[in-house]
Amino acid sequence: MALALTEKNFDKTVNSGKVVLVDFWAEWCMPCRMIGPIFEELANEMDAEKVTFTKCDVDTERNIAVKYSITSIPSILFFKGGQVMDQVVGAVPKRVIVDKINELI
Amino acid sequence: MHDLIIIGGGPAGLTAGIYAARYKLKTVLIEKAPFTGGQLLKTSHIENYPGFDEQVLGYDLATKMENQAVRFGLEVKKEPVTKIEFSDDKKSVYTEENEYHAKTAIIATGSQPRMLGVPGEKEFYGRGVSYCGTCDAPFFKDKVVAVIGGGNTAIEEALHIAKYASRVYIIHRRDELRADKICQEKAFAEEKMEFVWDTIIKSIDFQTSEDRKITVFNKKTEKESKIKVDGVFVFIGLNPNTELFKGQIDLTKDGFIAQRPGEEMKTNIAGVFVAGDVRDKELRQIVNAAGDGAVAAFEANKFLTEHNI
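Heads up: the sequence lines are chains A and B, in that order. For the first sequence, the working numbering begins at 1 and goes up steadily by one. For the second sequence, the working numbering begins at 1 and goes up steadily by one.
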């Protein structure tokens, strides 16, 4: 299960040292409904020691979305050591996400 | 060996799938995204698809189309296609994981939003630049937004965005809209809209969160000016997804798939058909994408029967 991020656990999570993916989503976002299950699949398939899958609801966590200038969802940010290393916007094929993770691991 | 391979899972491909499955053709549909629906998924409320007297959500319509096709036995694969080899006798489609071979094929790969090609567009995609009002309008609550374009999509999306934004500039290169009259009337009645005619966008600068602006150029007065906006939505038409077919299938100069004159949905290769937005045509709507899909499946079935294969 992708971990739900809030202002309380956001910084700690993205600073963990692992590669951390944050899926920015919202209830009203149709393409988000489609990328959600793929994200969950990846969370089950990939090595949890190396990569963490999280999600962030832009409606309830507006401040985080603003901080990272998120204006399109679904948007996935790839963090390593607290830094944004990469970003994908839109519902992309699973392979694209996997390739980006492998570049960062 | 399949009877038919359908490439692309938007309304054209899914409808072709429904018809082909009902003809009892052994059919596989290959969609590059992890889900079917294509551009339907970017549409919030569809008002002009027959049979829905109230609005229908693009997402719901897409889900229903796939379920309907699968119910009749369509096989759906979600794998990006990497290569195709089409000959008169055999149609081969390769994905990263698999290869598929069939006697006929339908190309229904659709199109995607055309980009402006101005400085700042790529850089700020997802950080102020958007091609999907339905997806991103809520981020611009009480903000100022520019919409580029003057067709139905641009105006419908602008009306949706105006539910959130405090002001919406419609920046259009001509001095009148191409959108249908109902759409235009709604737009002209919306107080938040401001029309900027005869104007093209030159660049986007969203470097800082306070000083966000676009540079525009008025073609009549030949004056350049800046407009402060928080976001830009681009709806200036479509680019066909035909990269895979270059060199094998005849394309128009704009890259759409040419159909043989007078022969519905047929390409230059026997047994390869085309359907939906990717086909060279004027009107690109869900309803005629579905129509194309039905005709293409019908033609594929006829081809198989006539050639007794």
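Read the hints as simulated data drawn from the structure, not as lab findings. It is possible that part of the hints are untrue.
[As the list claims (entries may be wrong)] Distance condition first, Cα-Cα at most 25 Å in a straight line; then the derived SDA-like pairs of lysine to any residue:
no., chain 1, residue 1, chain 2, residue 2
1, B, K213, A, N63
2, A, K100, B, F298
3, B, K77, A, M46
4, B, K32, A, T60
5, B, K163, A, A26
6, B, K26, B, N48
7, B, K24, B, K266
8, A, K50, A, K94
9, A, K8, A, T60
10, B, K192, A, V66
11, B, K78, B, M1
12, B, K77, A, E41
13, B, K78, A, K8
14, B, K141, A, D59
15, B, K141, A, L42
16, A, K67, B, S209
17, B, K26, B, Q112
18, B, K77, A, T60
19, A, K94, A, A65
20, B, K32, A, Q87
21, B, K78, A, D99
22, B, K103, B, K219
23, B, K78, A, M1
24, B, K163, A, S69
25, B, K32, A, S69
26, B, K78, A, I38
27, B, K24, B, F298
28, B, K32, B, K192
29, B, K163, A, T60
30, A, K94, B, K219
31, B, K77, A, T6
32, B, K213, B, E190
33, B, K228, B, K77
34, B, K122, A, Q83
35, B, K219, B, Y164
36, A, K100, A, I64
37, B, K77, B, V28
38, B, K122, B, V28
39, A, K100, A, N9
Note that the structure is predicted; figures quoted are calculated from it, not measured.
Verification of the hints:
{"no.": "1", "hint": "B:K213 - A:N63", "in the structure": "holds (22 Å)"}
{"no.": "2", "hint": "A:K100 - B:F298", "in the structure": "violated (42 Å)"}
{"no.": "3", "hint": "B:K77 - A:M46", "in the structure": "holds (22 Å)"}
{"no.": "4", "hint": "B:K32 - A:T60", "in the structure": "violated (32 Å)"}
{"no.": "5", "hint": "B:K163 - A:A26", "in the structure": "holds (17 Å)"}
{"no.": "6", "hint": "B:K26 - B:N48", "in the structure": "violated (32 Å)"}
{"no.": "7", "hint": "B:K24 - B:K266", "in the structure": "holds (21 Å)"}
{"no.": "8", "hint": "A:K50 - A:K94", "in the structure": "holds (18 Å)"}
{"no.": "9", "hint": "A:K8 - A:T60", "in the structure": "holds (12 Å)"}
{"no.": "10", "hint": "B:K192 - A:V66", "in the structure": "holds (24 Å)"}
{"no.": "11", "hint": "B:K78 - B:M1", "in the structure": "holds (19 Å)"}
{"no.": "12", "hint": "B:K77 - A:E41", "in the structure": "holds (17 Å)"}
{"no.": "13", "hint": "B:K78 - A:K8", "in the structure": "violated (37 Å)"}
{"no.": "14", "hint": "B:K141 - A:D59", "in the structure": "holds (12 Å)"}
{"no.": "15", "hint": "B:K141 - A:L42", "in the structure": "violated (33 Å)"}
{"no.": "16", "hint": "A:K67 - B:S209", "in the structure": "holds (10 Å)"}
{"no.": "17", "hint": "B:K26 - B:Q112", "in the structure": "violated (29 Å)"}
{"no.": "18", "hint": "B:K77 - A:T60", "in the structure": "violated (35 Å)"}
{"no.": "19", "hint": "A:K94 - A:A65", "in the structure": "holds (23 Å)"}
{"no.": "20", "hint": "B:K32 - A:Q87", "in the structure": "holds (20 Å)"}
{"no.": "21", "hint": "B:K78 - A:D99", "in the structure": "holds (17 Å)"}
{"no.": "22", "hint": "B:K103 - B:K219", "in the structure": "violated (52 Å)"}
{"no.": "23", "hint": "B:K78 - A:M1", "in the structure": "holds (22 Å)"}
{"no.": "24", "hint": "B:K163 - A:S69", "in the structure": "holds (21 Å)"}
{"no.": "25", "hint": "B:K32 - A:S69", "in the structure": "violated (28 Å)"}
{"no.": "26", "hint": "B:K78 - A:I38", "in the structure": "holds (12 Å)"}
{"no.": "27", "hint": "B:K24 - B:F298", "in the structure": "holds (12 Å)"}
{"no.": "28", "hint": "B:K32 - B:K192", "in the structure": "violated (38 Å)"}
{"no.": "29", "hint": "B:K163 - A:T60", "in the structure": "holds (20 Å)"}
{"no.": "30", "hint": "A:K94 - B:K219", "in the structure": "violated (44 Å)"}
{"no.": "31", "hint": "B:K77 - A:T6", "in the structure": "violated (36 Å)"}
{"no.": "32", "hint": "B:K213 - B:E190", "in the structure": "holds (23 Å)"}
{"no.": "33", "hint": "B:K228 - B:K77", "in the structure": "violated (45 Å)"}
{"no.": "34", "hint": "B:K122 - A:Q83", "in the structure": "holds (21 Å)"}
{"no.": "35", "hint": "B:K219 - B:Y164", "in the structure": "violated (30 Å)"}
{"no.": "36", "hint": "A:K100 - A:I64", "in the structure": "holds (22 Å)"}
{"no.": "37", "hint": "B:K77 - B:V28", "in the structure": "holds (7 Å)"}
{"no.": "38", "hint": "B:K122 - B:V28", "in the structure": "violated (35 Å)"}
{"no.": "39", "hint": "A:K100 - A:N9", "in the structure": "holds (24 Å)"}
Checked against the numbered hints given earlier, the structure breaks hints 2, 4, 6, 13, 15, 17, 18, 22, 25, 28, 30, 31, 33, 35, 38 and satisfies all the rest.
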